[in-house]
Every structure is written in C-alpha cells, then in structure tokens.
Amino acid sequence: MADPDKGTFYQSQLDEVRNNKIKPLDDAFEIESNKVLGTSTTNYFYGEDAVGTHGWEMVRTTDLRPSKAGDTTKAQTIGHVICGSYLALTDADPNLTGADLAIENAGGIRGGIAAGNVTAGDVIAISPYGNTLETWTMTGADFLAALEHSLEISDECNDSYEKQQAYVAAGHTEQEAQDMYKWPDDSGSVLSFGGINVTIDWTQSEGKRIVSATLTKDGSTLDPAKTYTVATNNYIITNTTDFPTFANAKKLTEWGTCEAALRALIGQDDWENKMASLAGTISFGSAESPAPHPTPTPEPSPKPGTTTTQVTTKKSTGKLAATGDRTLAVVGACLIGGIVIIIFGIIWKRRR
Numbered sequence: 001m002a003d004p005d006k007g008t009f010y011q012s013q014l015d016e017v018r019n020n021k022i023k024p025l026d027d028a029f030e031i032e033s034n035k036v037l038g039t040s041t042t043n044y045f046y047g048e049d050a051v052g053t054h055g056w057e058m059v060r061t062t063d064l065r066p067s068k069a070g071d072t073t074k075a076q077t078i079g080h081v082i083c084g085s086y087l088a089l090t091d092a093d094p095n096l097t098g099a100d101l102a103i104e105n106a107g108g109i110r111g112g113i114a115a116g117n118v119t120a121g122d123v124i125a126i127s128p129y130g131n132t133l134e135t136w137t138m139t140g141a142d143f144l145a146a147l148e149h150s151l152e153i154s155d156e157c158n159d160s161y162e163k164q165q166a167y168v169a170a171g172h173t174e175q176e177a178q179d180m181y182k183w184p185d186d187s188g189s190v191l192s193f194g195g196i197n198v199t200i201d202w203t204q205s206e207g208k209r210i211v212s213a214t215l216t217k218d219g220s221t222l223d224p225a226k227t228y229t230v231a232t233n234n235y236i237i238t239n240t241t242d243f244p245t246f247a248n249a250k251k252l253t254e255w256g257t258c259e260a261a262l263r264a265l266i267g268q269d270d271w272e273n274k275m276a277s278l279a280g281t282i283s284f285g286s287a288e289s290p291a292p293h294p295t296p297t298p299e300p301s302p303k304p305g306t307t308t309t310q311v312t313t314k315k316s317t318g319k320l321a322a323t324g325d326r327t328l329a330v331v332g333a334c335l336i337g338g339i340v341i342i343i344f345g346i347i348w349k350r351r352r
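For what it's worth, the UniProt record's numbering labels the leading residue of the sequence shown as 1, then goes sequentially.
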C-alpha cells in the first residue's frame, strides 16, 4: 500500500493459504509426481546442452547435426527416448499391429531426463500436453517426404540459432538475440524420429539430404512403395500444412497418452538398451555417385528383313573369295569335265 499524500509507503506480503478441499489433491499429486518409475544411466537432456535456456533450441537444431566433437553418428537425445517409447508400447500387444516407425515434433517436447532416478514428475514435464499416442499407415515415400521437409525446417532454425549465438557473443542477452533473430514460425514442427537408421548429407538441398534409411526392426531399406505403420502423437499427424503427405495417412489405433508410453518404457528392466535398439541413430555423410558404366560402341543396325551373324576367324594372308564369286565354280567344272573325258576314253579304248 502507498499514501503519496502523506509520503508513506507500505510493503505487504501475501501468505499462501491452501484451501482445505484442494490440499488433499495437491498432496496426492506431489506424492505421485515423486514416485520413482525407474533409473537412467545417461543424461537425456532437452537437447545436447544441460545449462541455460538451451533445450527446445537443441531439439530443433543441433540434435540433427554432427556434434562439435566431430562424431559421425549420434542419437537424438530426448526425442530418441520418446520415439523409442512409442515403438516399445505399440510392439508389446501381440493382438495389434506394432509400429515400424515413430515421430515426435519438437514443440511437443518440454523436458529431459537426468541420470539417476526418473520420477513420474519428470515424465510429465517431458510430455505435459496430454496428447494421445496413435498409429497410422503411410507409404515410405510419404514418410521420407515428411522427414526431408523437417530437415529443411531444422536448417532454417539452425541459421537463426547461429545468428543468435553470434549476437550473444557480442554482448547481448539470449532473449535479445531471440528477439533480433526469431525462430521460424514452423520451428516446432521439426521431427524427432525412431525405428530407422538415417544418414543425412547436409550439403544437399531439400529432397536429397537423406542418403540412406534402414529399419531397426529388420535392417531392410525403407521402401518408398511399401506401406508402414507409424506411431505418433495425435497433434503432429494432423499438420498437413507443413507435411502435406500426412493427408494420405490412415488412422489405425489409439493407445492412450504419450506420457503413459514413456512411463511404461522407463518402468521396464534394461529400458535404455531396449529403447536404443528400437529408436535407431542418425549418421552424417555424403552421397556417393555410382561409377559411370563405359559406353559401348554402337553396332550398325541391320536392314529390315536381314539377320547378322558375328563370326570370329583367324587372320589369313590370302584373300577369301566373296560370297557369289563365280571363279571357283568355273575351275571346278573344268576339272570335273576333264576327268569325265579321260575315263570315257579309257573305256572306249578297251572296247576296241
């Protein structure tokens, strides 16, 4: 309170008063939030960084790029875990079609996992929206098209991020940097993905960046013409603005909340190895052009109605008579005629 006329000012303090009806609910929620679901041997941070405001930024940018250490292969940190949980849950029921692939948008990820005990509260912080896990069918071509466009969005995010970091290095705050170099409007649509080992060539343009893609399930190459089952949240699959090919997908099954899938995975023994085997990795490399085949010398085309036969002969020092030459025929006739005359003369002489 303040009384400017008297020149007096009063500082007040608000005391928290908990409603007796709400208090039991708060206490129950706190107990549930602190419940330990499992343990983690690894830090699955909200991106590669564990400090500062870096989090969503990393999911959108460096999680999909080679690390500063120069590693050529990496996992997608927390996005890796989420997609692994989707695949594990949908694969657990033998009566339903398990997913081959999984996707999660960066905007749906809001937390990470630190090494040690993992609580229910940690899981809720990762997926706080209550989105539903669903499986859909789509072709390999439609899935690859979505991944390619996701990489394009990530590339734009990375450009913004690098400018932001340069601005911070010049003495500005991170918030000032983000105000100066804003994230693209569709930055939350960058996809983490699972069920697949992908090699990316960042020197290529959109549509050409994915050099190879093989399924973790059986090692087969992703077939553009084949139909696959994809696990995803119910939000991103409806984003046909950023991913037009999602309009071709067909819904199969609802599996409950995305948070429940994470809880189920982390509650399993050896969950990290199971998750890693399902989710796959990202590698970085260049597309190798196939060696050109030598161009054969063209053979002359035969005239219509004729056939050609290729014959290999030894080299001859004499000149062969051409087909249709009458010389040999005349010589042969003369020899035969001479022999006939001699024989006829001998017979005639004996008769005499």
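Treat the hints as calculated values from the structure; they're not laboratory data.
Any given hint might turn out to be false.
Heads up, simulated DSSO-like pairs for lysine-lysine below, C-alpha to C-alpha not over 27 Å straight-line [stated by the list, open to error]: (1) Lys182 to Lys163; (2) Lys226 to Lys251; (3) Lys163 to Lys208; (4) Lys251 to Lys217; (5) Lys163 to Lys217; (6) Lys226 to Lys250; (7) Lys274 to Lys217; (8) Lys226 to Lys208; (9) Lys21 to Lys35.
Structure-based check of each hint:
no., hint, verdict
1, Lys182 to Lys163, "holds, 10 Å"
2, Lys226 to Lys251, "holds, 17 Å"
3, Lys163 to Lys208, "holds, 25 Å"
4, Lys251 to Lys217, "holds, 21 Å"
5, Lys163 to Lys217, "violated, 39 Å"
6, Lys226 to Lys250, "holds, 14 Å"
7, Lys274 to Lys217, "holds, 12 Å"
8, Lys226 to Lys208, "holds, 20 Å"
9, Lys21 to Lys35, "holds, 23 Å"
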